[in-house]
Every structure is written in C-alpha cells, then in structure tokens.
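Peer 1: Work from the hints to combine the two standalone chains into their complex.
Sequence order for the protein chains is R and U. Heads up: the first sequence begins at 1 in the working numbering, then just goes up one per residue. Heads up: the second sequence begins at 270 in the working numbering, then just goes up one per residue.
What the hints contain is simulated information worked out from the structure, not anything from laboratory work. This structure is a prediction, so every number in the text was calculated from the model and none was measured. Glycine included, every Cβ here is placed at the ideal spot set by N, Cα and C. Heads up, some of the hints might be wrong.
[Unchecked claim] To list a few chain U residues with every Cβ distance to chain R over 10 Å, as calculated: (1) L457; (2) S495; (3) D499.
[Unchecked claim] Chain U residues, not near chain R, derived (Cβ > 10 Å throughout): (4) D319; (5) Q419; (6) G421.
[Said to hold, decoys possible] Chain R side only, calculated, beta carbon under 8 Å to chain U, not exhaustive: (7) A19; (8) P62; (9) P111; (10) D115; (11) R116; (12) S148; (13) Q167; (14) A168; (15) T200; (16) V202.
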Amino acid sequence: MNTRPSALIAEDEPLLAQALQRELQALWPALHLAATAGDGLSAVQLALQHRPDVLFFDIRMPGQNGLDAAAELAEEWPAESAFPLLVFVTAYDQYAIQAFEAQAVDYVLKPVRADRLAQTVKRLQNRLQQRTTPNATDLDPVLSQLRSLLQAPTMATPAATPLHMLQASVGNQLRMVPVSEVLRLEAADKYVRVFTMDGTEVLLRTPLKELMQRLDSQVFWQIHRAGVVRATCIESVTRDETGRLYLRLKGQSDLLKVSRLYAYLFKAM
Amino acid sequence: MTPDRLLVWLPADQRKTLLQRLLIVWAVALPVAVATWINHSGDGLPHRFDVSLVYSYAISTFIWLFTDAARFMFKGVLRAQAPFYWPPALRAGLMLLVGIPLGYVLGTLVGDAYAGWSTWDLWRLNTNRFIGMLLSTIAISAAYVAYFYQRGKAEALASQVTQSQLMLLQSQLEPHMLFNTLAHVRALIGQDTARALAMLDHLDDYLRTTLQASRQPLHPLADEFSRLGDYLSLMAIRMGPRLVFELDLPPTLATVQVPSFILQPLVENAIRHGLEPVVAGGRIELQASTDGAQLVLTVLDNGCGISELALADAVKAWPLPLASDPASESWGLSHVRQRLHTLYGERGSMRISAVATGGTCVVMTLPLTTPV
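For reference, chain U alone in the conformation it holds in the complex (with noise of 0.2 Å):
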C-alpha cells in the first residue's frame, strides 16, 4: 500500500497541521517525563528515566490519537466538518470522555509491559498516587484540546475571513469595468480633457473605497450609496443616455451601519444582466427605507427581468452552491446572501422578484443595529 492510500481517511489540507500536534504532544512528553522520573524519588517504587520516558510518550501519542487523529477518521460518525474539523459540542465531548480515558489505559499498558509490573497495583499500595496521576494526565490532555481548538478555530476564521476578502475585491474590481474605463479615459485624453478626468477622478475614488472596504467589514450607509454613486457616474459616462439611475437615501439613514458593499454586487448585476442587453438601456433605482427595526434596501431595475431558471436557482434554500465564475449572476447572488447570513443570520434577507412590466427588483433587510 501507498502512504497515499493509508492516509486516504485525512484531508490533504490537514496532513501538516495534524503532524505539527503530534510533534509539539512529543516535545511536551518529555518534560512530563522528567517531571515524573523526578517525582518517582520520593516513593519506594523503582525508578529508571527510560520507564518514565516509556510511559509518556505512550500515554501522549495514544490520547492525541483517539481525540485527534479521531476526528479525521471518523469524521463521518464525528460529523466533523471542514475546514475546522471540530464535531459538534456533544459528539466532541464523547469522543473525549471515551478518548482520554482509553489513551490512558492503552499507553498505561504499554508502559506496564516494558516495566515489568502493573500500574493498577498502585492503586491499592497509594491510592492517592495513583490519582494524582490520573488526574495530571486528564489535565494535560484538557490544556492541549483547549489550545488546540482555539489555534484551530483561529486559523479557520483567519482563512475564512481572507477569502471573503478576495472574493469581495474580485467581484468589485471586475476585469471588464476596469478596462472599459481605461479605454474610455484613453479614447477622452485627447478629445475632451475636462471628461477624462472626471471619469479618472470617479475611478480613483472608486478604486480607493474599494480597497478600503475590503479591510473593513462595516460602513456607513451614506458611504454604501457614494460609492455606488461613483460605479453608477462610470458607467453612465460609457453607456450614455442608456442608464439612468437614481439613488434614494433618507437623512435618518445616513448613518446606519451596513456591510461594506454589499449592495454593489446587486447593482453590478443590474447592469450588466439588466440593462446591458436591452437596446434602448433603462434605469435602475436604489432605495434606503425602513420597516419597524428593519432596514430595507431595495435595487430596482426596469431591464430585461431575470429568466425563469436563474430565479429558480435564487430562491433556492440557502446555502447554494457557489457559482464558480464571477461572471454568472447567480454568483454574486450567492455571496451576498452569504455575507448576509454570516453577519445577521435569520434576521438578515434577501428577496428577488420578477417585476411584472419587465424588470427585476431585489429588496434586502436586514436589522438597523449592528451586528456584534
């Protein structure tokens, strides 16, 4: 058999890490064998370091096998799940009952066979003993779980993070926009100064919100509607008189909190599955209200409608699938109602409707606090 194929039950991914654990298990395991060897002094059993050494590194390697390579494999029963691979709270608080004990015994055992002699005599010769001993391992074995989860959930929240990141920045700096608008400022440089640079001055203000937004998840609703302001100022100057937009934001609402952007891809798709395959264009409305301790957010376009099939596809229970090609509609769909369940969970929502004169509206709600 191939390494390959004996480790087919872990993750490709978590090859390294679940090495790195087992070694730093190791580099603890000896310490806590000179600490016992040292403690041994006081008792009249007999003490040699190699006996010592025996039993911590087999007690160690057995508990980091049942309640960490565990949830590898059986990640199935465990209901472990990428990319953190914790199972769920009383799954995981089984597999430790049952692990730490068993490790315990098991490397208990081996120790036993290379010493000659049986740990559980010690019971009955110093009882005390022998739970102090019981006790130390399960307490190591809980210190190493707890710094392991917390190293584990950080790196999954940091990588997580990290590709919302990306995935935001790719949908805002869309290749094809970009372009477009190179080619617009080059085709104005020598024909009309004054418009070229409003048209660069639109981009850089973009462009710069936009690398901004990224890092921060949250922002003002005046900022949300400015920003849109700018994409929809670059895209009138290149459609002309086929777009026409309006932006309606109430004063009381300026200064709400909403997720960075999260309107842009809705607005992008209004345009570009909207208005751009209609001759004569259209318009597009954005709409800031509210409804009890609800904010709503209303996109509103009078272009082509969205086809039976994609709204098929949008009304579908969430999570989706994610579209893999920025340029699908559904795929800027898909990430919005993600980045809304992550932030606002049940309170967070998104509703996209046929207009019945042709046209789509989406309205999305979410709460006027700020999420925590």
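For reference, chain R alone in the conformation it holds in the complex (with noise of 0.2 Å):
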C-alpha cells in the first residue's frame, strides 16, 4: 500500500466508539481514521463517501442495524474500488456470533480487549497487503458471507407459527388479506405496502424483516432488501448493460430490481 489505510467506526453510544478510536491508535499507528458514525444509515454514507480500507461496525445501531448497513454498502458500492474489510463490534448476541465464526467473517466483543484487538489488527493488516491489485474487486465472497448473516436467526421467531392472515387497520376498519393472495410486498422504513393478486395494495405497520419471518421462504422470495416476490408468479428475469437484474411478474409491467445480494437466485443469468 502506498497510501495511509484508513477506517470508518460506526458505534451509536460516543463512549464506546472513542475507546475503540484510542485503542486502535496505539495498536495500528498507521490507521487513519476517516469518519465515525452514530448510525446504521449514516455509516452508508459516509463509507460511500470515504471509502475507507477497514469498517468497524457495531451491530446494534439505531437508523438499521450493522449487518442491514453492511448488506446496503455492498448493494451500493462502486464497482471501480475495492469493498472494505469488515470487523463487526457487539457485546452480546449470541446468533450473530455463531453466524460470524461460522462464515469466518470478523469481529470483536465489547469491552474492547486489547489482545483480541491485536489479533484483528494483524489480521487486517495482512489481508490489506494481500491485495495486490487495488481496484479488483469481487464482491461476490463478500455477498454470500453477508447473506448467510442476514439469514442466520438473529432472534429465534416465538415458535414461528406461519401467517394465514395479514391484518391492516385502515382508519378505523380493519383489512384482512389472506396471504395466498399476496403478490408482492415492498418495504417502507417500518412499513410494508402489501400488493395482492387482484390488484389492492394494503399498508401494514409492520417491519419486512418481522413479516418474513412468519412467511414461508419457499413461497415467497426475497428479491431486495426491500422487496419480496412470489416465487411462482415471477414471468421474466432480465440484464441491463450495467449488469443489475430485473423481474417482471406476470400480469404487470413495472420492472422489479434484484439486489447484488440475491442474484444468485437466478444463477442461469
């Protein structure tokens, strides 16, 4: 490396971000830290904008969580540099953990130790000089690391009983959507906007993430972080010229983006 590495930290309480800044300093003198954000959202931002060699991601954030975060910056990411490395930071969470030592990916625990640190630093520093070509950048290990995250149980469903029914309330009247009638859902912040076959689009105050978990993965697939399909009605996948992926559903014109993150589904493409 001919330029200083540098590091984006993303940790909502100051305290804990501060420490992490100080003792990286007297690990990694050479590490420069480009920016610290208080958020899952603002973390996107600002490691677009930077676009540092290393990313140190707490995982419980407010705005979105840090896997969520990783999985947006990867979607986002310019193809013409390299994807930064990953160090999630949590002081607890035992599924994440699991799914971390599982796909070999990063992390330290809070309290920040400063042997384990070491350790991570080394790590960093040695993958950093392995990469001998600056620019080429192959996401794709980096997106199946993080979809096996984003489908790790992170919180065991209270005994997953599947969903028959949506429920929206609609001023005062309640909208009863049977889920066999589900076209497609599309997430908005802490809302889905709930399209059924018949054409009618409910809005229910649910995160996409809680409804999912109650879905049958098979049926319905997950085409975007913020888009779900049903399997069965997708009638044409296509590639633009930048190579992103796009559904068509029978019966409906508008094209559906597919996220870096699930094209695999369509391999043949």
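Peer 2: Below, the structure is given as structure tokens:
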C-alpha cells in the first residue's frame, strides 16, 4: 500500500466509539480514522463518501443494524474500488457470533480488549497487504458471507407460527388479506406495502424483516432489501447493460430491481 | 417391543417418581401383611404368613395401578395435565371411587386363588371382620392418595417457582446490557473517573436489588421505581441525549406492594424496540396512579411503535405460547402477563396499544391490595 490505510467506525454510543479509536491508535498508529458514524444510515453514507479500507460496524445501531448497513453498502458500492474489510463489534449476541464464526467474519466483543483487538489488527494488516491490485473487486465472497449472516437467525422466532392472514388497519377498519393472495411486498421504513394478485394495495405497520420470519421463504423470495415476490408469479428476468437484474411479474408491467445480494437466485443469468 | 415403546403412556420426567411411589407402597405392604397375619391368630381361620403377604401385595399393587399409574395411562380422558398430572376434582374423585374398590376386588381374587378359599365367604362367616378389612384397605389407600397428592403438588409448585425465578433473573440480567455497561466503565476509567464510579454504583445497586427481588415476590412500588431509575440512569449514560426519562410516583402510592420488577420487561422493551431503533432516540414515561381500588401503572414511549404483527400477537387470548428467546418483544410481555395472572387472576390485566403520534403505551392494572 502506498497510502495510509483508513477506517470507519460505526457505533451509536460515543464513549465506546472513542474507546475503540484509542485502542486502534495504540495498536495501529498508521491507521487513519476517516469518519465515525452514530447510526446505521449515516454509516453507509460516510463509507460511500470516504471509501475506507476497514469498517468497524456495531451490530445494534439505530436507523438500521450493522448487518443491514453492510448489506446496503455492498449494494451501493462502486465497482471501481475494493470493498472494505469488515469487522463487526458486539457486546453480546449469541446468534450473530455463531454466524460470524461459521462464515469466518471478523468480529470483536465489547468491552474491546487490547489482546483480542491486536489479533484482529494483525489479520487486517495481512489481508490489506495481500490486496495486490487495489481496484480488483470481487464482491461475490462478501455477498455470500453477508447473505448467510442476514439469513442466520438473529432472533429466534416465537414458535414461528406461519401467518395465513394479514391484518392491516385502514382508518378505523381492519382489512384482512389472506397470505395466499399476496403477490409481492415492498418495505417502506417500518411499513410494508402489500400488493395482492387482484391489484389492491394495503399498508401494514410491520417491518418487512419481522413479517418475513412468519412467511414461507420457499413461496416468497426476497429479491431486494426492500422487496419480496411470490416466486410462482415471476414471469421473466432481464439483465441490463450495467449487469443489473430486473424481474417482471405475471400480468404486471413494471420492472423490479434484484439486488446484488439476491442475484444468486437467478444463477442461469 | 422395547421398554420405551411399552412406556409411551408415561412422560419421561414422571418415570422416576412413579417408581418411587410404587416402592413406597411395597415397603408399607410388608408391615400391613405382618399386622393382618398377627390379627388372624385370634379368629378361627387358618393363617399362614405367605398368604397374608400375597393378599397385601396383590391388593396394594392393584390399587396403586388403578389410582396412580392410571393417571398417566388415561391422562387424556382424566384431563390430567403436566407438571402435576392430577385430574380435576370430579374426575379424580371418580377415578378413586372406581380404582380403589376395583383394586381391592382384583387383589383379593389373587389372594384367594393363592390361599384356595374365598374371602367373600367371610361376609357370611364374620361380617364385622370383612367390613373391618375393607375399611382398613380404604383408609390406607386414602392416606396414600393424600400423602402423594400433597407431595406431588409441593414438588410441582417448587419447580414452578424456581423456573419463574430463573426467567426473572434472565430477563433482568440481560447480557447485552451488562457487557455494554462494562465496556462503558472500562472506557471511562482512564478518562472520567467520577462518571466511571457513578456508573459502577448504579450497576451495583441494580445487580443487588435484582438478586434480592428474584427471591422476594413482592416489594413496595417505591423500590420498583427506584430500581427502574437505576436501570434508566445506566441506559442514559450509554445513550446520552438519545434517552430522556421521567418517573412519576405519587407519595401516597410509595408503599403499595407490587410484584418485583413487574415493569422491568416493559421498560426494557420500550428502550430496545421503541427508542433504540430511532436515530434521534426518544422519551420514556413511567406513571403510577389509581382508579378506584385499582393501581394503574403506565409505561409510555414515543419510539418507533409496536408493529401490527407484534400487537396482534400481544392481544391474543392468554395463555400465549411462551416465546423462546428473551430478546424478542413478546418474551417480556408474555412473562409479565403470566406473572399477573398467577398473582391476581382476572383482577390483573395489561393493555398494549400503539400511540397515534408514534410510540407504544402499556397500561397495567392490578388490585391495590396485597395478594394472598
């Protein structure tokens, strides 16, 4: 590397961000801290802006959690530069830690201990050195890691009783939508827009992630962070000149974007 | 057939205790045999000790089979349920009314076959003696039933109490909160010793009272509020300006007894699921008030609001299937609901609603009087 390596810390608790920064400075004086983010949304924006070499992402953050932030970043990351090395930081999260171990993803535990952080730093330094061609970016391994992390149970579902009816309150009435009539779902912040096969649309005040835990993932395919479709209703998949995949559902005219993370579903493309 | 297939009717956790009861029954059958043998010396009937032994063991084993083992064999019909497996009063009464005489008759037939005479002849020969034997059999059976009933109930209760204590501890000593607090103390030690100490003190108070409260089912509302104050102060050091909280406890309600840490899971939910996801953070309000003879406790937050899915789960009829993960929102809610129900029955309730302007409101109502 001819320039100093840079890092971004995403941590919502300012004291802990400072502590991590101090420890890093002591262990890796050459590392330049490009930015610190206090939530999962600005973490993505700042990372895109500064394009650091290393990311330290806290798991529990406001806005969106560390895993979702990493997935969004992988989605938006420009093709010409290498994707940063990821290190997750967590106080305690048994499911996430199991997933990190399984996927060989770097993580450190809070309180961050100097000896443990030193190991991580050494590994990061080695990996940065191995990056002979700094602009060769193969996102595939990162994408498959992130996909596995996102699909790992971060929260055991309460006996995961499958849903058959969706209940959405519209004004002072309750709209009942059978799950069997749902064509696709679209996330909007903490809401989900539900599109049914007969063309109606209802707004459900439930995060998409929570809803997906109760739906059959064989029937409903996630194609994007914010999009889920009924697999049997997919008519065609097309690839545009930039390599992006788009879906068209039966009887629908609009195209739905497939994210990099879920492009593997359509391997033949 | 393997022993396991022969024993499908018997829940695995009940095998040991059922065998224990049979062994107790058999241990008592020996002195009973000795007593009847000695008693027989006075009457004109031929008496041999082995005959008394066969009668005693045959009768007691049959009665055990029809009153104890039957509870598990016919648990469907009898509506005997875990963890105690005692049928409701009417069915239990019927079971005993049929089981004891049936066991007595079958056991006596076995004894008669061994001895080569008929006990039923005794009815004609010596009516008083026959009735005496019958009554003593019933008395011994009744003593057994009463003893085993009490013992089983005490054991079931003890395990229930232990389990709820464990769950309470698990919910209060949430590992994420503990390790995060430690991380803060570690970060503060070199930088701001006074704040590090203040944080340690809050943690110390919090841990101490949590451990105390897990052993004592009720405590004054003032204690409840002050522990929640410790918890919220810890969270406020961590979240900084993202957390604002307000506790409102009228002095007249300070000494009212409430279930220990009953509000804790609600406050935790408000932070974890209400405020933490919001970048700007928010505000939590805790209020105590009265409505007639009812105590009303309110936990209000202006966070991101409970989802329609979670709300639909929360309003479903009690008992809810208990969520397995302490980190999920419904875990805390279902345990609070269960504790209220155990302590107050229909007189305790909890209502969860989404606030129109964003946020969640939980209102808990319980009697002002102490539960017995």
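Peer 1: All hints, please: hold or fail.
Peer 2: Cross-check of the supplied hints:
1. The Cβ of L457 (chain U) does not lie farther than 10 Å from every Cβ of chain R; its closest approach is about 7 Å, which violates its non-interface assignment.
2. With 10 Å as the threshold on Cβ separation, the claim that S495 (chain U) sits away from chain R holds: the shortest Cβ distance comes to roughly 25 Å.
3. Its beta-carbon lying about 18 Å from the closest one in chain R, D499 (chain U) satisfies the requirement of being farther than 10 Å from that chain.
4. Listed as a non-interface residue, D319 (chain U) keeps its Cβ farther than 10 Å from every Cβ of chain R; the least gap is roughly 57 Å.
5. Every Cβ of chain R is farther than 10 Å from the Cβ of Q419 (chain U); the closest lies at roughly 34 Å, confirming the non-interface assignment.
6. No beta-carbon of chain R is positioned within 10 Å of the beta-carbon of G421 (chain U); the least distance is around 29 Å.
7. Evaluation of the A19 (chain R) hint against chain U yields a held restraint, the C-beta minimum of about 4 Å falling below 8 Å.
8. This hint holds: P62 (chain R) has a C-beta 5 Å from the nearest C-beta of chain U, less than the 8 Å allowed.
9. Because the closest C-beta pair between P111 (chain R) and chain U is about 4 Å apart, less than 8 Å, the hint holds.
10. Annotation: interface hint on D115 (chain R) violated; nearest CB of chain U at approximately 14 Å, more than 8 Å.
11. Proximity of R116 (chain R) to chain U is violated relative to the hint, the smallest CB-CB distance being about 13 Å (cut-off 8 Å).
12. A hinted interface residue such as S148 (chain R) counts as satisfied when its beta carbon comes closer than 8 Å to some beta carbon of chain U; here the least separation is about 20 Å, so the hint is violated.
13. Because the closest C-beta pair between Q167 (chain R) and chain U is about 6 Å apart, less than 8 Å, the hint holds.
14. Because the beta carbon of A168 (chain R) sits about 7 Å from the nearest beta carbon in chain U, less than 8 Å, this interface hint is met.
15. Hint status for T200 (chain R) relative to chain U: violated, with the closest Cβ pair at about 17 Å, above 8 Å.
16. For V202 (chain R), the shortest C-beta to C-beta distance to chain U is roughly 11 Å, which exceeds 8 Å, and the interface hint is violated.
Consistency note: the structure conflicts with the earlier hints numbered 1, 10, 11, 12, 15, 16.
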